[in-house]
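If you're matching positions, the sequence shown starts at 1 in the UniProt record's numbering and goes up one per residue.
Simulated from the structure, these hints should not be mistaken for lab results. For each residue, glycine too, the CB sits at the ideal point set by N, CA and C. Don't take each hint at face value.
Claimed, not checked - In the EDC-like style, the derived pairs of lysine to aspartate or glutamate whose C-alpha atoms are separated by at most 20 Å in a straight line are:
id: 1; residue 1: LYS250; residue 2: GLU461
id: 2; residue 1: LYS110; residue 2: GLU185
id: 3; residue 1: LYS59; residue 2: ASP215
id: 4; residue 1: LYS468; residue 2: GLU488
id: 5; residue 1: LYS430; residue 2: GLU461
id: 6; residue 1: LYS59; residue 2: ASP219
To be verified - Derived DEER-like restraints, expressed as beta-carbon distance ranges:
id: 7; residue 1: PRO351; residue 2: ARG165; range: 24 to 34 Å
id: 8; residue 1: GLU54; residue 2: GLU488; range: 35 to 45 Å
id: 9; residue 1: ARG378; residue 2: GLU488; range: 15 to 25 Å
id: 10; residue 1: LEU276; residue 2: GLU243; range: 29 to 39 Å
id: 11; residue 1: ALA349; residue 2: GLY241; range: 33 to 43 Å
id: 12; residue 1: HIS226; residue 2: LEU303; range: 44 to 54 Å
id: 13; residue 1: CYS103; residue 2: GLU243; range: 20 to 30 Å
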Amino acid sequence: MVLSMILMRLTHLILSCYRAAWKIRNHGKISPTRPPPPTQQPFMHPTITKWPTEGRATKTLVCDIHGTLLRTSSFFPYFMLVAFEGGGLLRALLLLLSYPLLCVLDQEQKLRVMCFITFCGLSSKRMETVGRAVLPKFYLENLNLHAYEALASAGKRVVITSMPRVLVEWFLKDHLSVEEVIGTELHMVGCYFTGLITPSGMVVKHKSLKETFGDTKPDVGLGSPHDPCFISLCKEAYVVGKEAVMPREKYPKPLIFHDGRLAFLPTPTSTLALFLWLPLGFSLAIFRLLVGILLPYNIVILLCALSGVKMRLKIPKTTTTTTNQKNGVLYVCTHRTLLDPILLSTTLAKPLTAVTYSLSKMSEIIAPIKTVRLNRQRDRDGETMRRLLRDGELVVCPEGTTCREPYLLRFSPLFAEMTDDIVPVALDAKVSMFYGTTASGLKCLDPILFLMNPSPWYHVEVMEKVAKEFTCGGGGRRSCDVANYVQELLGMALGFECTGFTRKDKYLMLAGNEGVVKDKC
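All chains should be modelled from the sequences, with the hints used to inform the complete structure.
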């Protein structure tokens with residue numbers, strides 16, 4: 001009797017599985033014996049492409065950031081950026097290992113788990129730095145063009161999101177001029193996050209909209225196709241797609257300065273690739289470093305190319321000579337990484353001396369060329385550079401700090417007063433995984449992290465010497481005019497935009513100081 005019952009249950013289970021498999025196999029197919037279903041509109045509301053931009057200056061617009069202003073609805077990459085840049089490798093690894101669990105949780109549980117792993121023990125000051133200096137780059141690169149244009153045309157802008165408010169507020173207010181940001185609040189003890197959500201709970205968008213506006217409906221609501229309850233509470237509603245990419249020239253604010261080590265958006269798959277690459281990348285960086293220190297110039301270029309380093313070298317056919325035999329040539333470079341003078345020395349196949357600011361002890365020790373520190377006292381720095389020029393050829397980066405984007409910072413005019421033998425050098429660098437510069441991190445890791453990239457790219461173009469009539473001594477020009485002229489030459493060679501920003505501007509934005517960074521290594 002028991003055996004027969006078991007066989008009946010097993011037969012019923014097999015038949016149920018067969019029916020389910022048959023339905024999956026024929027999903028979307030139309031039965032020939034049944035009429036096709038009537039065509040239905042995918043959305044009840046018009047798409048954002050039908051947005052009328054005129055007459056919106058007095059309207060109140062309400063929207064979410066993920067899936068609306070941003071082309072992606074995934075929260076994970078932005079939590080990973082905070083975990084990696086704010087918390088470090090171990091926190092980022094823990095968040096990555098939790099991803100299989102996140103896949104089986106509902107939306108609220110998923111956010112609670114990510115909030116706890118990402119924020120537990122993180123200081124508010126560190127989160128502020130990440131929110132100000134790291135996240136805006138990735139938000140701007142992921143902006144939806146049509147959604148931003150609609151937001152920019154509105155008079156009052158309100159964003160309601162279930163994301164933690166601290167994760168999006170700086171970008172929304174500083175870059176998109178949003179007046180009010182309503183997001184999930186995180187619990188804090190002193191200046192540290194506990195990783196828990198406050199008793200008010202997770203923000204539910206349509207409920208928060210009702211609580212904020214009461215009986216008065218906002219004029220316009222933007223949302224994804226999955227937000228019918230949210231946008232239907234507005235007088236007008238538009239659905240946002242994911243296809244409109246924001247070009248750089250239309251950014252609400254130029255992306256000139258940003259910090260952080262990651263050069264890519266850390267999705268789950270790309271983050272997994274990062275952790276798998278770390279052991280090999282570190283070994284490869286040590287190999288490249290030792291090659292640059294120990295071997296002759298011609299062998300260095302060959303072995304670096306074989307190890308994946310891409311270099312584009314351009315040297316003028318005419319030999320650079322000095323008009324004053326007592327002094328050496330002054331090479332004036334754009335500044336992309338700490339390796340700029342070393343790459344130039346390798347390109348010219350001769351030893352050079354570099355003057356630097358705020359160079360870490362570690363970088364100074366491992367540098368294969370001579371480095372001399374300047375102390376930002378004009379008279380003393382000028383005397384140091386004149387003495388070095390009497391001894392040989394000198395490399396200087398008058399921007400005073402690195403810039404990752406296609407912009408040149410203001411050139412300090414001090415170099416123009418040193419000599420008339422000025423050779424501009426256009427340098428550019430590109431990475432795919434790690435940035436080799438930082439404003440608030442450990443500077444001693446800069447060259448290591450740059451060399452850890454699978455295939456870093458460097459462009460070195462040595463230009464013709466500046467004509468005598470455009471120098472201080474030969475042409476009677478002011479030093480600031482010479483500096484601006486050299487900046488323009490290098491900007492045209494690289495296709496970069498020249499700016500008046502300085503080292504102080506960069507560090508005030510990214511690190512909250514004036515650029516006099518203490519050596520942390």
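Structure-based check of all given hints:
This hinted pair does not check out: LYS250 and GLU461 have alpha carbons roughly 30 Å apart, beyond 20 Å. For the hint pairing LYS110 with GLU185, the CA-to-CA distance comes to about 16 Å; that is within 20 Å, so the pair holds. This hinted pair checks out: LYS59 and ASP215 have alpha carbons roughly 17 Å apart, not beyond 20 Å. Of the pairs offered as hints, the one joining LYS468 and GLU488 holds, with about 17 Å between alpha carbons and a cut-off of 20 Å not exceeded.
Restraint check: the Cα-Cα separation between LYS430 and GLU461 comes to about 15 Å, which is no more than 20 Å; the hinted pair holds. For a cut-off of 20 Å, the pair hint linking LYS59 to ASP219 stands: about 6 Å separates their Cα positions. For the hinted restraint 24 to 34 Å between PRO351 and ARG165, the CB-CB distance of approximately 54 Å leaves it violated. About 40 Å separates the C-beta atoms of GLU54 and GLU488, a value consistent with the hinted range of 35 to 45 Å.
With their beta carbons about 23 Å apart, ARG378 and GLU488 fall inside the hinted range of 15 to 25 Å. About 32 Å separates the C-beta atoms of LEU276 and GLU243, a value consistent with the hinted range of 29 to 39 Å. Separation of ALA349 from GLY241 is about 54 Å and departs from the stated range, judged on CB atoms against 33 to 43 Å. Taking 44 to 54 Å as the suggested C-beta distance range, the pair HIS226 and LEU303 conforms, at roughly 53 Å.
Restraint check, CYS103 to GLU243: a C-beta distance of roughly 26 Å satisfies the suggested window 20 to 30 Å.
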